[in-house]
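Chemist: One-letter residues, chain by chain:
Number of protein chains: 2
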Amino acid sequence: MNSQTAIRAVPEVAASEKDMANAIRALAMDAVQKANSGHPGMPMGMADVATVLFSRFINIDPGKSDWPDRDRFVLSAGHGSMLQYALHYLLGYADMPIDQLKAFRQLGSRTAGHPEHGHALGIETTTGPLGQGISTAVGMALAERMLAARHGADIVDHYTYVIAGDGCLQEGISHEAIDLAGHLKLNRLIVFWDDNSISIDGPTSLSTSMDQLARFKAAGWNVQKVDGHDMEAVAAAIETARQSDRPSLIACRTLIGKGAPNLQGSEKTHGAPLGDAEIAATRDNIGWPHASFEIPDAVLSAWREVAVRGQAARQAWERRLASSPQRLAFEQAIGAELPGTVFDALAAFRKTHVEQATKVATRKASEMALGVINDATDLTVGGSADLTGSNLTITKGMGTVAPGDYAGRYIHYGIREHGMAAAMNGIALHGGFIPYGGTFLCFADYARGAMRLSALMGQRVIYVMTHDSIGLGEDGPTHQPIEHLAMLRATPNLNVFRPADIVETAECWELALKSADRPSVLVLSRQNLPMLSQAHEDALPSGCGAYVLREPEGPRQVTLIATGSEVEIAVAAAERLHAEHGIAAAVVSMPCWELFEEQSPAYRKEVLGTAPRIAVEAAARHGWDRWIGDNGTFIGMTGFGASAPAPDLYRHFNITPEAVVEAARKLI
Amino acid sequence: MNSQTAIRAVPEVAASEKDMANAIRALAMDAVQKANSGHPGMPMGMADVATVLFSRFINIDPGKSDWPDRDRFVLSAGHGSMLQYALHYLLGYADMPIDQLKAFRQLGSRTAGHPEHGHALGIETTTGPLGQGISTAVGMALAERMLAARHGADIVDHYTYVIAGDGCLQEGISHEAIDLAGHLKLNRLIVFWDDNSISIDGPTSLSTSMDQLARFKAAGWNVQKVDGHDMEAVAAAIETARQSDRPSLIACRTLIGKGAPNLQGSEKTHGAPLGDAEIAATRDNIGWPHASFEIPDAVLSAWREVAVRGQAARQAWERRLASSPQRLAFEQAIGAELPGTVFDALAAFRKTHVEQATKVATRKASEMALGVINDATDLTVGGSADLTGSNLTITKGMGTVAPGDYAGRYIHYGIREHGMAAAMNGIALHGGFIPYGGTFLCFADYARGAMRLSALMGQRVIYVMTHDSIGLGEDGPTHQPIEHLAMLRATPNLNVFRPADIVETAECWELALKSADRPSVLVLSRQNLPMLSQAHEDALPSGCGAYVLREPEGPRQVTLIATGSEVEIAVAAAERLHAEHGIAAAVVSMPCWELFEEQSPAYRKEVLGTAPRIAVEAAARHGWDRWIGDNGTFIGMTGFGASAPAPDLYRHFNITPEAVVEAARKLI
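If you read the sequences in order, they're chains A and B. For the first sequence, position 581 (counting from the first letter as 1) is numbered 581 according to UniProt numbering, and the numbering increases by one without interruption. For the second sequence, position 488 (counting from the first letter as 1) is numbered 488 according to UniProt numbering, and the numbering increases by one without interruption.
No lab work stands behind these hints: they were computed from the structure. Check each hint, because a few of them may be wrong.
For identical chains, the list gives no copy identity; a pair is met inside one copy or between any two copies.
Restricting the straight-line Cα-Cα distance to at most 30 Å, the calculated cross-link-like pairs of lysine-lysine (DSSO-like) are [as the list claims (entries may be wrong)]: (1) K34 <-> K268; (2) K364 <-> K268; (3) K225 <-> K359; (4) K359 <-> K34; (5) K605 <-> K102; (6) K34 <-> K396; (7) K268 <-> K396; (8) K666 <-> K605; (9) K514 <-> K64; (10) K514 <-> K268; (11) K351 <-> K666; (12) K225 <-> K64; (13) K396 <-> K514.
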């Protein structure tokens, strides 16, 4: 168990790697101490594994951290962020000087509490919420195989390495991820499990008796177990894993806080500074006489050599790409720039259907729009969490991704909403594709953790969420979303689209595709909806978030605001208000609150008008007061739904044109 | 694979059981056909297993469906609800006459699309969202062991049986549940896996290669595999499972839609009616000449005998209870009625701390209140998803639940928020305990699916969610809730409490304990908060949802509304407005929106006042327009958080007394 035993066997190489690992330990404990906040235990425990991985295997180039064929490194145990920041400093990332480590967890520093994608170079994904990293990595490893299938091993040929902790493996999402990875034989995925038998509450034996190796083996993984402080054993395991035809788990038996003489092996090193005395004792214990944040030149040079190896690999790759017949196609894919023909085709599609007054469910409209989109570009990659025939997410000729066969464009994600969302994050982060995936809106609940990360990372992931209200009917309240629109709309940096007809659906698809810096959710009906748009427009009215769909002849007496399937109800109510009561009602369709919020106050005022307002949405009121104002009325759900045919439910819950008419007459 | 082979071996008994199973098949296919909606495949596939289970093993009494020591049956594959309704009709549940089956999935019927607890007698838990049933059952099986440890096997001695499908086992939550159950050796839990190799998209081989038996074995389960149409094999497996010292999985190889000659084995039977022709062919094929919804007397009698056996078991149990020295204690536990001493002690606690002006984080205040509560009653059972030292959910002398030792009151749920929430649902549904469990508020995301079911089922489950805002500081945006309060407040039938000091925290705990018909979420700060309450009151001001904490001397010029840690900011702003600008500002503390919404309009008007309003909450604005009105101002978060010490973050995001003062001056 003592790393020094192994090190003595091959002194020249190992002595240097031992120092390299101790540099990580020292930086981690010193930075956490200075911040008086953070997690030293994991970086110290996994320093040996990380050193072997980076010094001997990983191909990354700190000078060009977004080189497409680089290996991906994911710190799934994100609380050990100082491992990553120490590595980045040691490897010479330009944005990670020692001062950044000294500013660990301080306002404005790049060294955030948990690694954040986009916050510092080379952070492949945001981690911290446990289990997300390993699950996102599955998407990266899948994207790599899919891109290789399209452009060849000469230019796409890299590994995805993950460090995961006990927490990652206990979280349910890990089950979805490893099952999918094992099934699809994602053999470029190599996961190191920091098997230190410690979680926050104490020994892991307080809460689990899982045989993780047997578990991963059951999921079709190659599994190995090593002493995580035996560098040669770790290296041999990585070699073996790289040759496997399956994804690999390497269980690394480690001591948390390794090196701290009095605290190693204890949960006390997990999430708190070691304290000055123990840090001094650790320096003695590991033979690290250097001052805080000081790394000797020899150690730094050893680390910088790793970067040189990566640079050479990157340059060799660039030469291969330059002479590859795939060059243009690859660059277009990696740029993920959609050709204008996609949007031309969507415009023609909208024109055709408004003229034909096509009446379909918006989930069906989405399928039809996807047919156009998927024909016009290869960038889109679809899927569903085992609801393909309900979400209508597959289109003709996509081809299915299958174990060992990655040429297709459609992924059967299985009954795994959370795993799907995380995999889509990984696909988007990897580059080369625009992922979309379907489930019922209600099961956004299951995917929440990863959906939030889509938003936090600003990734173009498109969620196709059908069966969006009581309109789904008989499946009942467990399947009927009530609070879900509020949950999604309250999430920052996420566009939530709820289109009212096939034209708006195509517009919302276009807006989602063009939103390269954020995820989108398309919220779609199960039931048929009539054509409400009245004429073709080149501009996208949905792009303003809300717009006046029906303006009455005289001055407005009431404004009816609705989304999705309830716009039909608002239009019917407006017609009856006019015909039966001589009341002038405008109808506003509001497919996207977020985009409406971004419009000018003048535009918003114009759309909302000064007349009293009524909102109609078959969901919770929460949030609607923003638009209806002090004297407004909301017509929607006040509790959970029920099981019955959809028309019965709309009547039962009083979400009808009659109810709107009555509310309008009361209001004015 | 043909069930008739086994049946021929023991003709008298088995012939009858074959008919009993076919009765389920017929009722399921007929009811789905009549509703033109539903899932016939699972009930037909699992009819043989269900018949063996109910006819030979399960102890339930349809005449007294809530008898505490009954076996629990959970249909985790809830889409197969017709299996349960058919069983209930056949067993003679008074609320399930044949007319209910004829009204399957219709408005007002008890035969909802998915089984709903409280909707019909004997439905132990609401299922439909996949994986919830099996995970809730873990809580039931744990509660059984815990109750048995307290009151003895003489009066607590029952099994929890689960039918789960491929979907249940693919969902991540199943991993959390089976790991916990295996670890705790919950040997009264027996799960039948409907191993039919079919999911909605087609064969399960489209998305999984999991060796489920190896997986469950890795989690410490007893595993068996049988032909699910071989009734004797199923019975033998159940016998073996009942003797195991571990939870048991019985993989039942079945044909989905078994009996339908042209469709069995196909995903086409999963979620759609078979059609009249195939139903007629099925009648021929299984030898069931009876008309739709008609069950011959002989078959019905055979089923009713099962109920008689259950009735006898119940009566024997009642005799044992009547003569047990544990009787009183058991009845108090099962009634879950809290003694008044709990609330007396909480009142004294509040009085002491308001007098001492105790300044603590509300998570600490919660721990202190829990100390009082847990001393005064044994009903509470606590736990945390591996954040015990952060959530502060354990109190002195609780004792820990451990494998084979169920005398303790504290559960180390592991890093399993979703599994914890579902287990708490199961504990509450089982009866005998009031469960509470902790995690960070941000990780409500992970538990959403089960939390929604707490609300839908109206169960007294108490979520202790700490680290409730940017106030958690350095961990950064992945750990800082923004949209979570909106997500929870938008959920029907859920009380969300965000107390401002130790007094409000104790009040909110009392309100949560008294809310027997709904779950509660206690949203608590990491950081210290001052005493804001000014004098002891016997009544609970928090019980009104919101109340005036500070009324200015003159007429109000502005009303500041805040919750939790931001009430301190509002109070400081009010003092400065008065002292520096002579502005009369009231401060409203609003710990619970839901309870405030339930007050009279007059009370609400009085609290909110007519002066302009400013709300302060370190979270998303979404929903706040309800309280601030058209001319109000919101001071809070507009995007994700950041990693830094908490005071820096409050300044950075401009959630400060200065910002409130400035907004107030602008507003008036």
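Chemist: Compare the structure with the hints numbered earlier in the document and write down the numbers of the violated ones, lowest to highest.
Modeler: 3, 5, 6, 10, 11 and 12
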